[in-house]
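Here is what each chain is made of, one letter per residue.
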Amino acid sequence: MTDLKKIFHVKGNDFTHAGEASVNIKNMLKSIGLDPKLIRRIGVCGYEGEMNMVMHGGDGTLSIEINTDKIILYLDDNGPGIEDLELAMKEGYSTAKDEYREMGFGAGMGLPNMKKNADEFTISSKVGRGTQVKMVFSLNH
Amino acid sequence: MIVKDIVNRFGLEVLSGKEGLDQKVMGGHCGDLLSEVMGNAPVGCVWLTVQGHQNIVAVATLREMAAVIITGGQTPDPETIQKADTENIPILLYPGLAFDLAGQLYEAGVKNMDT
Numbered sequence: 001m002t003d004l005k006k007i008f009h010v011k012g013n014d015f016t017h018a019g020e021a022s023v024n025i026k027n028m029l030k031s032i033g034l035d036p037k038l039i040r041r042i043g044v045c046g047y048e049g050e051m052n053m054v055m056h057g058g059d060g061t062l063s064i065e066i067n068t069d070k071i072i073l074y075l076d077d078n079g080p081g082i083e084d085l086e087l088a089m090k091e092g093y094s095t096a097k098d099e100y101r102e103m104g105f106g107a108g109m110g111l112p113n114m115k116k117n118a119d120e121f122t123i124s125s126k127v128g129r130g131t132q133v134k135m136v137f138s139l140n141h
Numbered sequence: 001m002i003v004k005d006i007v008n009r010f011g012l013e014v015l016s017g018k019e020g021l022d023q024k025v026m027g028g029h030c031g032d033l034l035s036e037v038m039g040n041a042p043v044g045c046v047w048l049t050v051q052g053h054q055n056i057v058a059v060a061t062l063r064e065m066a067a068v069i070i071t072g073g074q075t076p077d078p079e080t081i082q083k084a085d086t087e088n089i090p091i092l093l094y095p096g097l098a099f100d101l102a103g104q105l106y107e108a109g110v111k112n113m114d115t
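As given, the protein sequences belong to chains A and B, one line each in that order. Note that the working numbering gives residue 20 to position 20 of the first sequence, counting from 1, and the numbers run on in steps of one. Note that the working numbering gives residue 3 to position 3 of the second sequence, counting from 1, and the numbers run on in steps of one.
Read the hints as simulated data drawn from the structure, not as lab findings. Positions of the beta carbon are idealized from the N, C-alpha and C atoms, including for glycine. Keep in mind that the hints are not guaranteed to be accurate.
Unchecked claim - Below, computed lysine-lysine pairings styled on DSS-like, alpha-carbon distance capped at 25 Å:
{"no.": "1", "chain 1": "B", "residue 1": "Lys18", "chain 2": "A", "residue 2": "Lys30"}
{"no.": "2", "chain 1": "A", "residue 1": "Lys37", "chain 2": "B", "residue 2": "Lys111"}
{"no.": "3", "chain 1": "B", "residue 1": "Lys24", "chain 2": "A", "residue 2": "Lys37"}
{"no.": "4", "chain 1": "A", "residue 1": "Lys30", "chain 2": "B", "residue 2": "Lys24"}
What the hints assert, rightly or not - Each pair of labels, with its calculated beta carbon distance range:
{"no.": "5", "chain 1": "B", "residue 1": "Gly96", "chain 2": "A", "residue 2": "Asn140", "range": "44 to 52 Å"}
{"no.": "6", "chain 1": "B", "residue 1": "Glu19", "chain 2": "A", "residue 2": "Lys37", "range": "22 to 30 Å"}
{"no.": "7", "chain 1": "B", "residue 1": "Val43", "chain 2": "A", "residue 2": "Glu120", "range": "22 to 30 Å"}
{"no.": "8", "chain 1": "A", "residue 1": "Glu120", "chain 2": "B", "residue 2": "Asn112", "range": "27 to 35 Å"}
{"no.": "9", "chain 1": "A", "residue 1": "Lys97", "chain 2": "B", "residue 2": "Val50", "range": "13 to 21 Å"}
{"no.": "10", "chain 1": "A", "residue 1": "His9", "chain 2": "B", "residue 2": "Gln82", "range": "16 to 24 Å"}
{"no.": "11", "chain 1": "B", "residue 1": "Gly72", "chain 2": "A", "residue 2": "Leu4", "range": "42 to 50 Å"}
{"no.": "12", "chain 1": "A", "residue 1": "Glu20", "chain 2": "B", "residue 2": "Glu36", "range": "17 to 25 Å"}
Starting from the given sequences, assemble the full structure and let the hints guide the process.
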């Protein structure tokens, strides 16, 4: 049963608002009294996903679904898609533009960070169509 | 130790987040790759970086840092200062290199516990 679902829109190349959705999610989870460690894990995943959409994904959404036994984050973008998912999941591999690398992004750690911090991580992508990520965080630990 | 103690001891310039100066400092982290910092910086740390763009505030907020110290003579963008004020994250300036300040902070007792 879903108790609450919230959708945040993320705009491509919009660095002014980049990260705000994740900060909002963090504050929301804090207000319901979730374990701080879990909030940080969800925050890392949300932020990495949001930044991927800002840098590569074009426009998209970051959604959070809060259930009694788990929290789910969904990323859904209309970006260029990922050609080689296996390669994209490899730590250190990145296709970020130089201007983003100079800002400290594009270290090739975003997707691996998400996988590491979520209890379940699934990604699907189609070139020219976009990318979808689902991250599940169990509340039963 | 609180942020204000570090400011006074090392003569750091406070650019924003004055309301956060009483935050307890619980560790330190050096890094300029934002994903690395997001993944590894301890809660309540002071973060030493040369990055000055506004996204450092989101990282500092999400990792619940005590303060961001911009090193190496770099300066933050005006938007960074504004955002940091909203989030009560102190942005401090240290003109020297991160290595030197990190060493001094460590000697002063800023060490990382398990996060």
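We went through each hint and held it up to the structure:
At most 25 Å may separate the alpha-carbon atoms for a hinted pair to count; lysine 18 of chain B and lysine 30 of chain A meet this at roughly 23 Å. For the hint pairing lysine 37 of chain A with lysine 111 of chain B, the CA-to-CA distance comes to about 20 Å; that is within 25 Å, so the pair holds. Between the alpha carbons of lysine 24 of chain B and lysine 37 of chain A the distance comes to roughly 18 Å, so the proposed pair stays at or under 25 Å and holds. At roughly 19 Å between alpha-carbon atoms, lysine 30 of chain A and lysine 24 of chain B fall within 25 Å of each other, so this suggested pair holds.
In this structure the supplied range 44 to 52 Å holds for glycine 96 of chain B paired with asparagine 140 of chain A, their Cβ-Cβ distance being about 48 Å. The supplied range of 22 to 30 Å is met by glutamate 19 of chain B and lysine 37 of chain A, whose beta-carbon atoms lie about 25 Å from each other. With their beta carbons about 25 Å apart, valine 43 of chain B and glutamate 120 of chain A fall inside the hinted range of 22 to 30 Å. About 29 Å separates the C-beta atoms of glutamate 120 of chain A and asparagine 112 of chain B, a value consistent with the hinted range of 27 to 35 Å.
Distance hint check: the CB atoms of lysine 97 of chain A and valine 50 of chain B are about 19 Å apart, consistent with the given range 13 to 21 Å. Checking the proposed 16 to 24 Å range against histidine 9 of chain A and glutamine 82 of chain B shows it holds: the Cβ atoms sit about 22 Å from each other. Judged by the Cβ atoms, the range 42 to 50 Å given for glycine 72 of chain B and leucine 4 of chain A holds: they are separated by roughly 44 Å. A beta carbon spacing of about 21 Å between glutamate 20 of chain A and glutamate 36 of chain B agrees with the range 17 to 25 Å that was offered as a hint.
The structure is consistent with each of the numbered hints, conforming to all of them.
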